[in-house]
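Residue-level listing of the chains:
Number of protein chains: 4
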Amino acid sequence: MSDINKVVLAYSGGLDTSVIVKWLQESYQCEVVTFTADLGQGEEVEPARAKAEAMGIKEIFIEDVREEFVRDFVFPMFRANTIYEGEYLLGTSIARPLIAKRLVEIAEETGADAISHGATGKGNDQVRFELGAYALQPGIKVIAPWREWNLTSRETLMNYAQEHQIPVDFSKAGKKSPYSMDANLLHISYEGGILEDPWSEPEEDMWRWSVSPENAPDQPTYIELSYEGGDIVAIDGVRLAAHEVLAQLNKVGGDNGIGRVDIVENRYVGMKARGAYETPGGTIMMRAHRAIESITLDREVAHLKDSLMPKYAELIYNGYWWSPERTMLQAMIDQTQDVVNGVVRLKLYKGNVTVVGRQSDQSLFDDRIATFEDDAGAYDQKDAEGFIKLNALRLRIAASKGRKLK
Amino acid sequence: MSDINKVVLAYSGGLDTSVIVKWLQESYQCEVVTFTADLGQGEEVEPARAKAEAMGIKEIFIEDVREEFVRDFVFPMFRANTIYEGEYLLGTSIARPLIAKRLVEIAEETGADAISHGATGKGNDQVRFELGAYALQPGIKVIAPWREWNLTSRETLMNYAQEHQIPVDFSKAGKKSPYSMDANLLHISYEGGILEDPWSEPEEDMWRWSVSPENAPDQPTYIELSYEGGDIVAIDGVRLAAHEVLAQLNKVGGDNGIGRVDIVENRYVGMKARGAYETPGGTIMMRAHRAIESITLDREVAHLKDSLMPKYAELIYNGYWWSPERTMLQAMIDQTQDVVNGVVRLKLYKGNVTVVGRQSDQSLFDDRIATFEDDAGAYDQKDAEGFIKLNALRLRIAASKGRKLK
Amino acid sequence: MSDINKVVLAYSGGLDTSVIVKWLQESYQCEVVTFTADLGQGEEVEPARAKAEAMGIKEIFIEDVREEFVRDFVFPMFRANTIYEGEYLLGTSIARPLIAKRLVEIAEETGADAISHGATGKGNDQVRFELGAYALQPGIKVIAPWREWNLTSRETLMNYAQEHQIPVDFSKAGKKSPYSMDANLLHISYEGGILEDPWSEPEEDMWRWSVSPENAPDQPTYIELSYEGGDIVAIDGVRLAAHEVLAQLNKVGGDNGIGRVDIVENRYVGMKARGAYETPGGTIMMRAHRAIESITLDREVAHLKDSLMPKYAELIYNGYWWSPERTMLQAMIDQTQDVVNGVVRLKLYKGNVTVVGRQSDQSLFDDRIATFEDDAGAYDQKDAEGFIKLNALRLRIAASKGRKLK
Amino acid sequence: MSDINKVVLAYSGGLDTSVIVKWLQESYQCEVVTFTADLGQGEEVEPARAKAEAMGIKEIFIEDVREEFVRDFVFPMFRANTIYEGEYLLGTSIARPLIAKRLVEIAEETGADAISHGATGKGNDQVRFELGAYALQPGIKVIAPWREWNLTSRETLMNYAQEHQIPVDFSKAGKKSPYSMDANLLHISYEGGILEDPWSEPEEDMWRWSVSPENAPDQPTYIELSYEGGDIVAIDGVRLAAHEVLAQLNKVGGDNGIGRVDIVENRYVGMKARGAYETPGGTIMMRAHRAIESITLDREVAHLKDSLMPKYAELIYNGYWWSPERTMLQAMIDQTQDVVNGVVRLKLYKGNVTVVGRQSDQSLFDDRIATFEDDAGAYDQKDAEGFIKLNALRLRIAASKGRKLK
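Protein chains in written order, with my numbering: chain A, 1 to 406; chain B, 1 to 406; chain C, 1 to 406; chain D, 1 to 406.
Keep in mind the hints are simulated off the structure, nothing from the lab.
Just to be clear, a hint being listed does not mean it is correct.
Subject to a maximum C-alpha distance of 20 angstroms in a straight line, what follows is the list of computed SDA-like cross-link-like pairs (lysine to any residue) [stated by the list, open to error]:
| no. | chain 1 | residue 1 | chain 2 | residue 2 |
| --- | --- | --- | --- | --- |
| 1 | D | 311 | A | 251 |
| 2 | C | 311 | B | 308 |
| 3 | C | 382 | D | 381 |
| 4 | C | 58 | C | 124 |
| 5 | D | 401 | A | 228 |
| 6 | A | 382 | B | 382 |
| 7 | A | 347 | A | 237 |
| 8 | A | 382 | D | 381 |
| 9 | B | 382 | A | 120 |
| 10 | D | 311 | C | 22 |
| 11 | A | 311 | B | 308 |
| 12 | C | 6 | C | 148 |
| 13 | C | 141 | C | 153 |
| 14 | C | 22 | C | 12 |
| 15 | A | 251 | A | 287 |
| 16 | B | 251 | B | 41 |
| 17 | D | 347 | C | 200 |
| 18 | C | 251 | C | 44 |
| 19 | C | 347 | C | 200 |
| 20 | B | 141 | B | 158 |
| 21 | B | 382 | C | 380 |
| 22 | A | 382 | C | 148 |
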């Protein structure tokens, strides 16, 4: 354990990572650099500074990365209509690569030879942090305290904190949620507690970002989202930076009871786990993006994207954002988005996101062709006969030779 | 036009197909056999008999195919979590293969040499009818009046009806919806009219099967769906036939404002078209099936299913139900469903379908492993290090050789 | 038939397309522009000029497009290791998009309103020409004489030629191959004749570009191919233009009995057809490209390419080169090729292409890690245990719950 | 190390696994059960008995599993035309699941609580053995000596053997190949030695199963393979058991210089490795199976199989034979093979396998339709126009709206 001199730690300022600071200092006899990111989790990040200083940290990095997060990670992911296992919008998964990148960059800046994080040995986040770090800096060392130490219960952890005079915010600890939570601008997640029984419905007071549909306003809210190159650039005509878009959609979505999901998902490390998520803005973006694509993308392009989406989602879920296969798919996805421009009009009402209009200068929708009325020659119905006949040919040959369908 | 002796027509009893009866008798000088199916469209089918008789039809087939429809077509499709272009539950598409099959069978029974249908030359349904018919009976002839005749506007059609003394139900014609509609137990669809402008929101009175979320009850409804082999066999513990399941889910879904979608979709014949759909029961089934699979299916099986679903959906949408590639995929899908047994608990509320519980004797969810608390050795967190290290190896080698991620 | 004023015809100078010139002039009373391309088919193109002039053609385009053909069509296709149905290197398919593009461009230049070609109504080539033309110029009209006229046997065609004083090269007609052939720099194809029986072996004298393995030299030939960005830029260290590369590989490949295949393939129009092909250079390129990729591409990138290759091959075979889905896939494929640089050494011997060496500055092969000898810490074998344990976890959970593998 | 009582070892009788016997007895103080399988590796298996007895083994299993191996593993794999990374026929990969299964079964029979094998910690085989074992018996323990001990060089291993009086066959050790080899009825593989430099060509005397094309007979050999349900059941009309088929094809293939490949492949554990393989019979089977499928399989079925083959190959290569995703794919593949019946005629000559004929009672090849001559109405060429027009529609709409192809 002696060859580590300096470690960059992903530090939230909370109890667990504060314990890690101490434990690293003690076990590895090394210097600790803390990195605290504002990803839009909704908690102040500055208080982390005083705590770090109190533990003797000399190099403290506290950064607002919200714009980068949404612009370079969330938005590219939404261009693919990405959803994991039909339900999960990857709110946690997509934040990890950014943190991994900054940890590695800060290690380089500060001359650190290792990074550390507070993810457990059972979850996906350790994989996401570490794959990212290794991909960006192959020589980096990684310390994952939860896989090494024996502070594996809440009690032993609290004892360690007390023994080492780590300030525990008891008022907060007293209110401590029974759930393990993670938040950033895209979502807040809940695991553990009552959720470990997949037959239990979460209690209403678990949810933090959205009102329930029951408590949402009785009047719908209409919004218009403007797209350029597949990304939202304005809400109701007001141009916004990427993270402002998402923040505003979270607000209006949460107010209207939108974006709660409650699922059992398959972790990369091999077990099933129950998770509850609030993704108000993301839920709106998903539906809106499909709507703007519905009029601007070619059919076969859209279908090819759909067929590759599960793979792309799996890569992000499993921690392969920083991989050549993800960038390869991204190149393809991005190539399709130049034409994804226009406006989508949405109705938000008690948990429902309904697309009520879509328009685009680059629309491929042509009402002269689709119409039920006479289309003045734009489409010759007789062509359909040949189309069907040749598409049927192989089926007819097979049937004529006595081949039966099973 | 002289080599056709007898034609089996998919006959709804409405104006359009009544005109087709006359037109076939007149243009082809052939006998017409009518086939009218009760697919759960919510309209009486028996009145079609009197109308057919009045036009001199001697062989009239009127059949209740609701159970076969749901059991052999809808349920198999839902085993794959099938959804077209992210939004459409294929309500129209899945009914056509059954009709095609019966048309061909009746042709055989009655010694007819052709079949006919009332689908236009611009839509998908002509393709679905005809591919199915050709696949099942390669020598069959197909007459598609809309591609042949010149009765291409409502006016010419009405004139033809009057000239030929086809009884037009003017009270109904007076109330006639501006929309082209199609219904069966899985859904009701709307096209045309105001929908031809993708920026227009449909008016509330267009929708027929569901109340709006605004008008749905203020109290949620909870239901429990029991699965066997991937299919729902009981609601709230009461065993039901397949079509009864769907009918009941339509009722409870429609009452709770569930299942409306409004999309622009890509037709197989090459153009984009706006469609609005009500699929109350199907919307519930989709979410519930994913939920029961979430605890019973292996991860890789689930992901493989997800990656092939778009292809499977495309096949059904495009009319290839009766094809060896669809049966091939079906064999694979069905093989995975033996273990998809258990119960899903759902909350229905003003348009929302929320999964609030799932349980199964064959659940792969293991709370001893996923727990945040100590798991008594069921999982060794140290294994994660090797897992990550080897998964990272190719990425590290690439980075160590100076390879940059784009 | 009167609204066509000028037609650009893909004109080979042979009998069939000469008949088409006359037939167009006569049936459509329109002016004909001829386009004759040197794609490396191995026949002089200039003679087409005199023939065209003799038939009164005023606008004659004769062009050497060999470099463009190989650089912009063949090479991009080989970057994907493209092969149709496991055997066919798409030699005919890949030439059609270039011809379609030039036909449309020449139509624009000359003010023509239609294009025409000599492909029959049963084959793939009509589709490839026409899809390409429509995609590039949606208003273009297409005349496909073989689908219109009644000159459907060799005899009627010859009679028409005689009646219209079209000079038939009887010495050539006398030697006329019983096969329908097509050639360009990538391959020569044979269809028809004895090949219509899939049990018949083609006679040795059918083949034109290669000696049989039996007649190839008894000494092997070694060559080295240099790659940059996935394309071959030099043979044995001598830099060459794209078409020179292919021409030279055809020569050395054909001399060594390489590149014959004899298959039954599935046409896009729905039937199976027998084809025999000689693709000497392409066969060498295919194997060499896989070899250079084997040391330079990341594993997951290579596998993703492999999984999408059948789709990409199908697009090209079916005539969708000029489509957004092909360009979308191409963007992805090309993005992977920056690193595909290096040299492949091959042994050519009596029909065999054997890779005997590959090297690259960007090789990811690391002999320190793969070695069976001690690797001085570059790889910790103990990591494998955790890797296996976690990859097995889902399988173990399933088995522990009594789940049986079928 | 004390909780293991009895271990079943995959025992070849060679030096390495003999050392493992001793090392297990010594390190784990446990009883060892040996399992030696005749997979067609071409070496006697009985001598293993005496060696095992000499080391005090009481439970010795020596089994001829050749038929099971080819019938239940090799043949099912070939139904999918399986090939890894475009070149490798998976000869080693496909043998491991059978061994894993027998190890676990023998453990059950003998009351052993662990299994062991001689695969190193850097290769794929450890993964294949262990994933299989865990999937079939989740509670089994696995001892992988190469990941545990420090006998990591040939020298330390030889010393250990001498110290423990393990009989080393010095005559054999003296002739010892510089290559690490593995053999079974499907192939023999070579790794290590000079192959660790991907630029080096293997020396001729490395190869053991085939003559070089140079040394193969100057006369071709013709054979006919009869298929039933996708499997070969007879050679030249003589019915044979599965393993006899493969043995005979190995003989005739090897005699004709067929089946050598030399590649750099991507291992599942993350590094690239050079391998050389001789797969004479497999090379013949691959080509023949595609040929019989070419006339009996529907186009879309064939293409769907092709698109999933890379995934299927990857599963087998990575060790997931015993997994629900492999059995799921197998169900799909097998469903397609009922119709794959008939005869393929092949010419074998100096490394070349050429298909020269294929016939089947279930052939979908229809010469009346594919012919260049008049087909008497079986196909209406005019249908092609509508087919093309509608397939082009989306492309034309896009182009007419100014959309450019990139």
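Here is what the structure says about each hint:
1. Among the hinted pairs, residue 311 of chain D with residue 251 of chain A is inconsistent with the structure: their alpha-carbon atoms are about 43 angstroms apart, more than 20 angstroms.
2. A hinted pair counts as satisfied when its Cα atoms are at most 20 angstroms apart, and residue 311 of chain C with residue 308 of chain B qualifies at roughly 14 angstroms.
3. Note on residue 382 of chain C and residue 381 of chain D: the hinted pairing is violated, with a Cα-Cα distance of about 66 angstroms set against a maximum of 20 angstroms.
4. With a CA separation close to 30 angstroms, the supplied pair residue 58 of chain C and residue 124 of chain C exceeds the 20 angstroms bound.
5. Between residue 401 of chain D and residue 228 of chain A, the direct Cα distance comes to roughly 18 angstroms. Compliance with the 20 angstroms bound is thereby established for this hinted pair.
6. Taking the CA atoms of residue 382 of chain A and residue 382 of chain B, the gap is near 67 angstroms; set against the 20 angstroms cutoff, the hint is violated.
7. Of the pairs offered as hints, the one joining residue 347 of chain A and residue 237 of chain A holds, with about 16 angstroms between alpha carbons and a cut-off of 20 angstroms not exceeded.
8. Between residue 382 of chain A and residue 381 of chain D the CA atoms are separated by roughly 14 angstroms; this keeps the pair inside 20 angstroms, and the hint holds.
9. Taking the CA atoms of residue 382 of chain B and residue 120 of chain A, the gap is about 10 angstroms. The hint holds against a cut of 20 angstroms.
10. Of the supplied pair hints, the one linking residue 311 of chain D and residue 22 of chain C is violated, its CA atoms being roughly 53 angstroms apart against a limit of 20 angstroms.
11. At roughly 11 angstroms between alpha-carbon atoms, residue 311 of chain A and residue 308 of chain B fall within 20 angstroms of each other, so this suggested pair holds.
12. For the given pair, residue 6 of chain C sits about 18 angstroms from residue 148 of chain C by alpha-carbon distance, which is consistent with the 20 angstroms threshold.
13. The hinted pair formed by residue 141 of chain C and residue 153 of chain C fails the criterion: a straight-line CA distance of about 26 angstroms is larger than 20 angstroms.
14. Simply put, residue 22 of chain C and residue 12 of chain C have alpha-carbon atoms about 14 angstroms apart, close enough for the 20 angstroms limit, and the pair holds.
15. Of the pairs offered as hints, the one joining residue 251 of chain A and residue 287 of chain A holds, with about 17 angstroms between alpha carbons and a cut-off of 20 angstroms not exceeded.
16. About 13 angstroms separates the Cα atoms of residue 251 of chain B and residue 41 of chain B, which keeps this hinted pair within 20 angstroms; it holds.
17. About 12 angstroms separates the Cα atoms of residue 347 of chain D and residue 200 of chain C, which keeps this hinted pair within 20 angstroms; it holds.
18. Between residue 251 of chain C and residue 44 of chain C the alpha-carbon distance is near 18 angstroms, which keeps this suggested pair within the 20 angstroms criterion.
19. As the CA atoms of residue 347 of chain C and residue 200 of chain C are separated by approximately 31 angstroms, the hinted pair breaks the 20 angstroms bound.
20. About 28 angstroms separates the Cα atoms of residue 141 of chain B and residue 158 of chain B, which puts this hinted pair outside 20 angstroms; it is violated.
21. A hinted pair counts as satisfied when its Cα atoms are at most 20 angstroms apart, and residue 382 of chain B with residue 380 of chain C qualifies at roughly 14 angstroms.
22. Restraint check for residue 382 of chain A and residue 148 of chain C: satisfied, since their Cα atoms lie roughly 16 angstroms apart, inside the 20 angstroms limit.
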